[in-house]
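Protein chains: 4
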Amino acid sequence: MTRGTMTAEEFEALATRAVPYVGQLGLRVRRFEPGRVDVELPYCDLLIRPGGTICGPALFALADITLYGVVLSLVGRLELAVTTDLAMHFLSKPPPGDLLGEGRILRLGTRLAVGEVLVRSLGRSEPVAHAVGTYAIPESRDEPPGGRGSRVGEPGGTLEIGRG
Amino acid sequence: MTRGTMTAEEFEALATRAVPYVGQLGLRVRRFEPGRVDVELPYCDLLIRPGGTICGPALFALADITLYGVVLSLVGRLELAVTTDLAMHFLSKPPPGDLLGEGRILRLGTRLAVGEVLVRSLGRSEPVAHAVGTYAIPESRDEPPGGRGSRVGEPGGTLEIGRG
Amino acid sequence: MTRGTMTAEEFEALATRAVPYVGQLGLRVRRFEPGRVDVELPYCDLLIRPGGTICGPALFALADITLYGVVLSLVGRLELAVTTDLAMHFLSKPPPGDLLGEGRILRLGTRLAVGEVLVRSLGRSEPVAHAVGTYAIPESRDEPPGGRGSRVGEPGGTLEIGRG
Amino acid sequence: MTRGTMTAEEFEALATRAVPYVGQLGLRVRRFEPGRVDVELPYCDLLIRPGGTICGPALFALADITLYGVVLSLVGRLELAVTTDLAMHFLSKPPPGDLLGEGRILRLGTRLAVGEVLVRSLGRSEPVAHAVGTYAIPESRDEPPGGRGSRVGEPGGTLEIGRG
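Residue numbers (this note's numbering), protein chains in the order written: chain A, 1 to 164; chain B, 1 to 164; chain C, 1 to 164; chain D, 1 to 164.
Chain A with its partners taken away, still in its complex shape (with noise of 0.2 Å):
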């Protein structure tokens, strides 16, 4: 990877401080590999809404953030990757405690990654939120030509990890 790889450390401390209305939900990263990241949302008051569940815009930063990591732990710090599209289903109404994102890459081409993520409440089988979504990658300089494989929607050489 030409643009150099990111640590779980480093792309926390993204996750914590780069994006305010994110950071202060004190996500931990709690898986850092390629293609592969899980985020905790640890439970504060912050998150309630009525009925005594955790609100849907929280349940979206965790997706959004578990996906954006699981991006750059495949491209290095490009901090500037975008989501361009996000679909959330919300299948249960998890009660207070803390969540867990777990978010694999679908797969990475040139210019776009597409990768899903599954949130659990910490300790319970039953999801909670699915999310599917597409990541823009901007253009490095540095990069060889063709180097991360095709574009999506294209055949060819591409990282992606498969089902179970």
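Worth flagging that the hints you see were computed from the coordinates, not collected in a lab.
Using C-beta positions, here's what the derived DEER-type ranges look like:
1. A:Asp45 x C:Ala13: 45 to 55 Å
2. A:Arg28 x B:Leu80: 27 to 37 Å
3. A:Pro42 x B:Asp45: 20 to 30 Å
4. C:Glu10 x B:Asp45: 57 to 67 Å
5. C:Asp98 x A:Cys44: 47 to 57 Å
Keep in mind the model is a prediction, meaning the values are calculated, not measured. Don't be surprised by glycine CBs; every beta carbon is placed ideally from N, CA and C.
Fit chains B, C and D to the given chain A structure using the hints.
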């Protein structure tokens, strides 16, 4: 509406007090008509992300609350209505500044409501984000049978607002 | 299951006869277990698009029918279950050849079921498309109250299958 | 537009001949203006599903082709433009009859275009389905640098059409 209607002031109070993670954003309800709700997100430093633009989770929070308002503007004070899915597309990186979410109903059924939100920077026509999503409407004891129309997925009496 | 269970043969008959636009594709059910259903789309010239790859609507048809199978594998022969939303991501352009849709449940509630499908070219690990979507489950007279668990969006007894 | 523009007739020929699985539907292009394209799906028995309504994959095919038209109406004859994601919401079960997909651009960038489609039964105002999705635009040698505006995800010169 057997549950009574809701006013813009009541919805703004709900949006800013009941969900603290969203409430700290200081959202202002600019329009609150049945099936048409506009919500403003005033800019503050909490919202910034790398690159100097407004972060995705704040856009999601704005879109989600706007959709919540669209649904409550039609079904009354059913605070326990919950998002079941929300698909967001991020269209352009919004520079620091106030944003407006313009929401409208696409279809109101007995159990599910689908609506969409277009987010713009105030004073600019270029859209910043688009969201479309579903809310599940909790059952209400005092609702007459067949009251709000058929469920999504069945022909029959529904309320919807056409494009434009 | 008060409505009786369904076999792979019964589901394949339903998938190939009841919906002619899909039936002409000659789908084959390769796996039909509760919450886990795989469906094969055999290649034919009907499926081609400019560039010599398989067209998106055929991938959607495969994903939608696979999800339909996932739901019917759990709730029995409720043919009137309908898709309420489906979010597809196209990951790579599949060359001419047979495809396999691997579907699984994410959450089964009383009124809504959410599942996901990963589509691959047979014999290749690279994913071609990902779909996640919701089916609305029609009410059934002979179902005991509270029978299949709580609705999506509420904590409670549900059936779900964890990630791999 | 350096690649030359496209006419409604040329797009209809492309939609009905180049993709046989879609072409057999006999789609008719009813409007073809830059960023605004309407496509009609004439009813035929091929489209039916259990319950006597029109099947989801036919609605997806209509929405996808309408979006394809929206993109080609702006970028010219780039047949290799491909859908990267498409999120559909099914709003009501359409009875047998002709359908109309009304498509419009939300944002046209250099590499990605996002648009939406509302599907109605002809002669009825009630919407049947909503789709929003992204097309990846292949690079073109004869395009001037920076020609079509910035990429989705960056501020800058873009073409977009406001809501109604």
